[in-house]
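Line by line, the protein sequences give chains A and B. Using this note's numbering, you'd call the opening residue of the first sequence number 1 and step up by one each time. Using this note's numbering, you'd call the opening residue of the second sequence number 1001 and step up by one each time.
Errors might be hidden in some of the hints.
[As the list claims (entries may be wrong)] Which chain B residues face chain A? A few, computed with CB under 10 Å, are given here:
1. Gly-1018
2. Thr-1022
3. Leu-1114
4. Pro-1117
5. Glu-1122
6. Arg-1128
7. Gln-1133
8. Arg-1137
9. Val-1138
10. Gln-1142
11. Leu-1216
[Unchecked claim] For lysine-lysine, the following DSS-like pairs were computed, each having C-alpha atoms within a straight-line distance of at most 27 Å:
12. B:Lys-1214 <-> B:Lys-1160
13. B:Lys-1118 <-> A:Lys-119
14. A:Lys-81 <-> A:Lys-166
15. A:Lys-166 <-> A:Lys-25
16. A:Lys-82 <-> A:Lys-166
17. A:Lys-81 <-> A:Lys-119
18. A:Lys-82 <-> B:Lys-1118
19. B:Lys-1049 <-> B:Lys-1118
20. B:Lys-1118 <-> A:Lys-166
21. A:Lys-81 <-> B:Lys-1049
22. A:Lys-81 <-> B:Lys-1118
23. A:Lys-25 <-> A:Lys-81
24. A:Lys-82 <-> A:Lys-119
25. A:Lys-25 <-> B:Lys-1214
26. A:Lys-82 <-> B:Lys-1214
27. A:Lys-240 <-> A:Lys-166
28. B:Lys-1214 <-> B:Lys-1118
Read the hints as simulated data drawn from the structure, not as lab findings. The C-beta atom is built at its ideal place from N, Cα and C for all residues, glycine as well.
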Amino acid sequence: MSPTDDYLVQVRGLRKSFGENEVLKSIDLTVNRGQVVALIGPSGSGKTTVLRSLNGLEIPDAGVVHFAVQHPVDFSTMPTKKQLLQLRDRSAMVFQHYNLFPHRTVLQNVIEGPVRVQKRSVVDATADATALLERVGLADKRDAYPFELSGGQQQRVGIVRALALKPELLLFDEPTSALDPELVGDVLEVIRELAAEAWTMVLVTHELQFAQHVADHVIFMDGGHVIETGPPSEVLVNPKNERTRQFVHRLLDR
Amino acid sequence: MTEPLWDLITRSLWPIVGGAVTGTIPLALSSFVIGLLIALGIALMRLSKLRLVSGIARVYVSIIRGTPLLVQLFVIFYGLPAMGILVDPWPSAIIAFSLNVGGYAAEVIRAAILSVPKGQWEAAYTIRMSPAQTLNRVILPQAARVSVPPLSNTFISLVKDTSLASLITVTELFRQAQQIAAFSQEFMVLYIEAAVVYWVICLALSSVQSMLEKRLDRYVAH
Ligand SMILES: Nc1ncnc2c1ncn2[C@@H]1O[C@H](COP(=O)(O)OP(=O)(O)OP(=O)(O)O)[C@@H](O)[C@H]1O
Ligand SMILES: [Mg+2]
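Pulled out of the complex, with its shape left as it was, chain B reads as follows (with noise of 0.2 Å):
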């Protein structure tokens, strides 16, 4: 005998709704941060007028880019340890996907701070402030204004990337779907769950991405 089709959903929401809370959303954040802090180190060694500096960069991103995902994850998970180097599933999904947003979301800062006219530089220049307080001070701040957006759209395809990491056996909001849809035998039911519940998260994230997007035009004309 089958369990009624509500009951199903109603009981498989918390798993699936836990699989979000403990995996799928700090798998994100954690990969994005980091994705984040590789990607400024890169749009800087892409701006140095270092040839080799600028250079590795950009082949950073062209691999990253050139390649699909779920190969650069499969690669850190069953390569790695082919290497002798033994990685968890956790810490291996957290690394893919960070190099992954180091790659993309490093063009987007790029072009962020070559988006900041020259006579800000200048003016930093000229009352005396190091080139690492220009920065962080001038350039940064108002790189940040024209990169939310797309750094956003990064930000929600990774939630929904963070789905690959389920190949690897990271318990996560996909995951846990599958598994009960393997046990229930109902996947459409189970796969349209999952659908909807990352539709949420995305259609939160879309909102916190408009309030930032207000907060950071404060200072600027209409």
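The following block holds chain A by itself, in its conformation from the complex (with noise of 0.2 Å):
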């Protein structure tokens, strides 16, 4: 991938550390527009710490994210409160454990951001609502509580939450980790939608078939540093690097 490609973020020089400990050293991405990156590693390699960054949730100790056509954020300064809502206008986030508001309807849930944030009518933010929801299934759990729906119903609310606001990058946080085994494909079948629909996302998954489907570039992550990128076919299918043929093939069980 050449610079010179349509990215639409690039992250130069990542750090993070919490206290001691160095989660983040040194990571540079790009990810462009429309294009599927899935995030893969070991567990504590850092792959949360990484989009929480992209969305502003994480403020980085050091370096640069750039969103195109946004001045890049320098983090060897401390961000505005300006910038960073900024940064956070350009995603949004979909959580491992869903976290849905639990005291609203998935209807309420779905159109807080829409009408509280972005200022739009509730008869406007409704219908778009309620089309997404329709899109992926739960027209008829409109007025139900999270409660009320299994894990992999929140999860696809979870989803349309995020969609509602129209953000330009979708970011995944292992949306399937939480779930039972059959509720998966549901789960998946959205995101496999939204790729094909050109929609930029991040994603962070266990689930590397489904990566080596999905995605169009895979980016492994360990010990906080990004240790190979590439296609899906190289990455996952031959690894160069050794760490990342172990990890691999112990996730696939070849």
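Combine both chains into one complex, guided by the hints.
See the structure below:
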């Protein structure tokens, strides 16, 4: 991939420590528009921290996050509130544990952002939300509370809640790892459709088979470093690096 | 000659209940509402990252919890005039009780806010809600559910504690009973009568509490 590609976000030299624990040690990555990037790696390698940094939920100690057209945010100085908000505006996160608002119905969860933050009318936002819920097969759950839904249904609502804001970048943090195996398929199907519609996304996942099908680009992280990047046919099928090879083989059970 | 006991009880019931309706209940309600606002402010200060701000809140809570309510009431009623600030009995009582509720409820509200999972803040932030919106629309509604039982206890205690206001001449339930008792010399009967009226009020409040808990529980699995 050349730097002249139509990138949506470029990350350079991202570092983050929690106390003594250096979690990200100079991470570089680029996400092009319309691309699905799979972020894989062992537990504790820093995948979640990278996603959270892109969404302004975590403030890195150093490095630059540059969303296209916008001024790059350089974390070597403390970012301003405005910079963080601008950063957050570009993406939306889908969480491992869904994090739906338990005191609000499915519809209320989905329209909260559009109505309260983007100041759209309730009627408009509801129409859009209803269409999105229909797409993920949850039209009939519109007025249910999250506790009345299965994990797979809750996660699909989580995805719709993120989509409703029309973000340029979707961030998925192991969206299926909290689900019972029989519920994983429905959620992956939704992600597959979004990929087919050319949504740009970064997907942290342990579902390597799925990553192989859906991703345009794979990034393998270990110990706070990017170890290997490339198309799935290389990183997941013929990894060059020994650590990647071990990780991939263990997960794919080859 | 003494009047029959039953006559005394029925004759005094009206002024005592009247004292509850025009004294005890408005005093408790207004102090509770103002107290909750103070408590919310103190709780948020306690959660502040700024050491000075959280320190001030901590000292406030410590003073309120570490001193008797009666002393707090007297400091405001007798102490402030000594500093040239004259306060009538009613406002004195409301100020003292509000400040007191503020201290106790602050800890309840703080614990309730902390009991809401961190993921709820993050979910709100990722859909770009501001910290104030997050607090109002996501965190406090969930904190409210867990704080209803302890805040109900605070309120019930407050209703009983308002009897202290009789000592600064606020005409409420207990002062009515005292005055009739002094006049009729039937202390036992009137104080028991007052106790029963407090008890009935508190029973009613307990049932309001369970109703509220049920209502706020409607969106969680059982
Ligand atoms: N808020 C935090 N405070 C302290 N340490 C943290 C914090 N968040 C993450 N860490 C640490 O940072 C390291 C990387 O965490 P991260 O969640 O990014 O890893 P991950 O690759 O997403 O792992 P997993 O696959 O288990 O989700 C871990 O060692 C973790 O303990
Ligand atoms: Mg993670």
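List in ascending order the numbers of the hints, as given earlier, that are violated by the structure. 1, 2, 3, 15, 25, 26, 27
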